[in-house]
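Under UniProt numbering, the residue at position 191 of the sequence shown is numbered 191, and the numbers go up by one with no gaps.
Please note: incorrect hints may appear among the correct ones.
Derived DMTMM-like pairs: lysine to aspartate or glutamate, alpha-carbon spacing no greater than 20 Å straight-line [to be verified]:
(1) K102 x E265
(2) K81 x E38
(3) K246 x E182
(4) K26 x D3
(5) K110 x D34
(6) K119 x E309
(7) K138 x E265
(8) K339 x E309
(9) K288 x E115
(10) K153 x D45
(11) K26 x E265
(12) K82 x E35
(13) K153 x E75
(14) K41 x E64
Derived DEER-like restraints, expressed as beta-carbon distance ranges [said to hold, decoys possible]:
(15) S256 x D45: 26 to 34 Å
(16) P317 x D34: 35 to 43 Å
(17) D34 x S267: 45 to 53 Å
(18) G343 x S256: 32 to 40 Å
(19) Q151 x S267: 28 to 36 Å
Don't read these hints as lab results, they were simulated from the structure. Glycine included, each C-beta is placed from N, C-alpha and C at the ideal position.
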Amino acid sequence: MYDTIVIGAGQAGVSIGYYLKQSKQKFIILDKSDEVGESWKDRYDSLVLFTSRMYSSLPGMHLEGEKHGFPSKEEIVAYLKKYVERFDIPIQLRTEVISVLKLKNHFLIKTNQQEYQAKNLVIATGPFHIPNIPSISKNLAAHIHQIHSSQYKHPKQLIPGNVLVVGGGNSGAQIAVELSKERVTYLACRNQLIYFPLVVGKRSIFWWFDKLGVLNASNTSILGKFMQKKGDPIFGCELKHAIKQKEIILKKRVISGKQNEIIFEDSSTLEVNNIIWATGFRNPCWMKIEGVFDKEGRIIHHRGVSAVEGLYFIGLPWQHRRGSALLQGVGNDAEYIVKRMNGK
Numbered sequence: 001m002y003d004t005i006v007i008g009a010g011q012a013g014v015s016i017g018y019y020l021k022q023s024k025q026k027f028i029i030l031d032k033s034d035e036v037g038e039s040w041k042d043r044y045d046s047l048v049l050f051t052s053r054m055y056s057s058l059p060g061m062h063l064e065g066e067k068h069g070f071p072s073k074e075e076i077v078a079y080l081k082k083y084v085e086r087f088d089i090p091i092q093l094r095t096e097v098i099s100v101l102k103l104k105n106h107f108l109i110k111t112n113q114q115e116y117q118a119k120n121l122v123i124a125t126g127p128f129h130i131p132n133i134p135s136i137s138k139n140l141a142a143h144i145h146q147i148h149s150s151q152y153k154h155p156k157q158l159i160p161g162n163v164l165v166v167g168g169g170n171s172g173a174q175i176a177v178e179l180s181k182e183r184v185t186y187l188a189c190r191n192q193l194i195y196f197p198l199v200v201g202k203r204s205i206f207w208w209f210d211k212l213g214v215l216n217a218s219n220t221s222i223l224g225k226f227m228q229k230k231g232d233p234i235f236g237c238e239l240k241h242a243i244k245q246k247e248i249i250l251k252k253r254v255i256s257g258k259q260n261e262i263i264f265e266d267s268s269t270l271e272v273n274n275i276i277w278a279t280g281f282r283n284p285c286w287m288k289i290e291g292v293f294d295k296e297g298r299i300i301h302h303r304g305v306s307a308v309e310g311l312y313f314i315g316l317p318w319q320h321r322r323g324s325a326l327l328q329g330v331g332n333d334a335e336y337i338v339k340r341m342n343g344k
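Start from the sequences, fold in the hints, and give me the full structure.
Okay, structure coming up:
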């Protein structure tokens with residue numbers, strides 16, 4: 001019987017591991033990947049973080065390099081591996097969770113390797129669970145090449161012809177900009193795009209966010225509620241420039257599709273060759289515990305602490321603050337959860 005089992009060995013999971021190690025708990029982190037940092041390694045080749053190195057570190061260890069520069073995904077993979085090694089965090093790789101049950105005083109976690117039991121359970125898979133692809137994708141012709149943004153690596157994956165990127169987040173924006181350099185590219189967004197530059201006055205915009213209290217704005221504060229209502233901005237000016245130069249054609253929200261035609265909210269249509277669904281993720285199907293989700297499928301929690309005794313979440317967008325799902329902010333949430341776990 002473990003004191004705590006953590007599911008997910010990304011930045012959220014190893015941050016929890018850092019504090020669990022300090023609290024002398026018997027714990028283990030389970031992850032289905034072959035190596036630490038694989039979720040970063042599997043993302044698109046050109047990915048560069050929009051947070052500078054100064055704001056891309058976990059507790060106890062700085063990310064090396066020019067602090068105002070922006071790290072690549074390869075840097076983050078190497079950093080996470082070094083982090084786990086330095087703090088001797090116990091991780092069981094190639095272990096995929098099949099089901100999670102809440103028994104009287106503990107949790108039973110069934111995996112492809114064996115069964116585990118623990119008094120506490122931390123779900124550290126963050127916002128990146130299972131790709132969420134709209135059901136209209138099934139109505140489209142078989143010859144249309146469709147992938148989720150989490151499966152996108154580089155432009156050569158696509159077939160000849162135009163591409164529609166669906167989703168107005170930062171991943172969709174970066175992918176659309178990259179593809180616009182070689183083919184006709186459309187970007188469909190639900191909401192109006194808001195742009196923030198990456199650098200202001202030779203400093204990362206996150207430096208300014210830090211000084212102005214934006215990163216520490218809680219989800220219940222006036223500022224926090226305002227930012228959540230507005231949605232995440234697009235960091236960088238590349239997309240704005242590409243749209244202005246008509247290298248990317250902006251479309252309204254996708255509402256339906258049939259065969260090789262997509263229909264948008266303004267009733268316009270488009271024949272497409274490729275679609276990249278940058279439409280986020282959904283919760284894992286193995287979580288069967290009653291009282292975890294509300295009717296809309298959202299996790300019920302306060303600062304990552306579930307109403308289910310012994311169950312915790314970490315790495316969620318706006319879990320407590322603006323930076324909760326970012327490398328910079330996940331450590332504060334991890335520390336809070338372990339303190340709560342230990343009755344402090």
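To see whether the hints hold, each was checked on the structure:
Between K102 and E265, the direct Cα distance comes to roughly 43 Å. Violation of the 20 Å bound is thereby established for this hinted pair. Between K81 and E38, the direct Cα distance comes to roughly 10 Å. Compliance with the 20 Å bound is thereby established for this hinted pair. Note on K246 and E182: the hinted pairing holds, with a Cα-Cα distance of about 13 Å set against a maximum of 20 Å. Annotation: proposed proximity of K26 to D3 holds, straight-line Cα distance about 5 Å (limit 20 Å).
With a C-alpha separation of about 18 Å, the suggested pair K110 and D34 falls inside the 20 Å cut-off, and the hint holds. Between K119 and E309, the direct Cα distance comes to roughly 9 Å. Compliance with the 20 Å bound is thereby established for this hinted pair. For the hint pairing K138 with E265, the CA-to-CA distance comes to about 19 Å; that is within 20 Å, so the pair holds. With a CA separation close to 15 Å, the supplied pair K339 and E309 stays within the 20 Å bound.
At most 20 Å may separate the alpha-carbon atoms for a hinted pair to count; K288 and E115 meet this at roughly 16 Å. Taking the CA atoms of K153 and D45, the gap is about 5 Å. The hint holds against a cut of 20 Å. Taking the CA atoms of K26 and E265, the gap is about 53 Å. The hint is violated against a cut of 20 Å. Straight-line distance between C-alpha atoms of K82 and E35 comes to about 12 Å, which keeps the hinted pair within the 20 Å bound.
Between K153 and E75 the CA atoms are separated by roughly 17 Å; this keeps the pair inside 20 Å, and the hint holds. The straight-line distance between the Cα atoms of K41 and E64 is roughly 18 Å, inside the 20 Å bound, and the hint therefore holds. The supplied range of 26 to 34 Å is met by S256 and D45, whose beta-carbon atoms lie about 32 Å from each other. Taking 35 to 43 Å as the suggested C-beta distance range, the pair P317 and D34 does not conform, at roughly 27 Å.
Look at D34 against S267: about 47 Å separates their beta carbons, and that is inside 45 to 53 Å. G343 and S256 have their C-beta atoms about 52 Å apart, which leaves the hinted 32 to 40 Å range violated. In this structure the hint that Q151 and S267 lie 28 to 36 Å apart at CB holds, the actual value being about 30 Å.
Going down the numbered hints, you'll see the structure goes against 1, 11, 16, 18, while the others check out.
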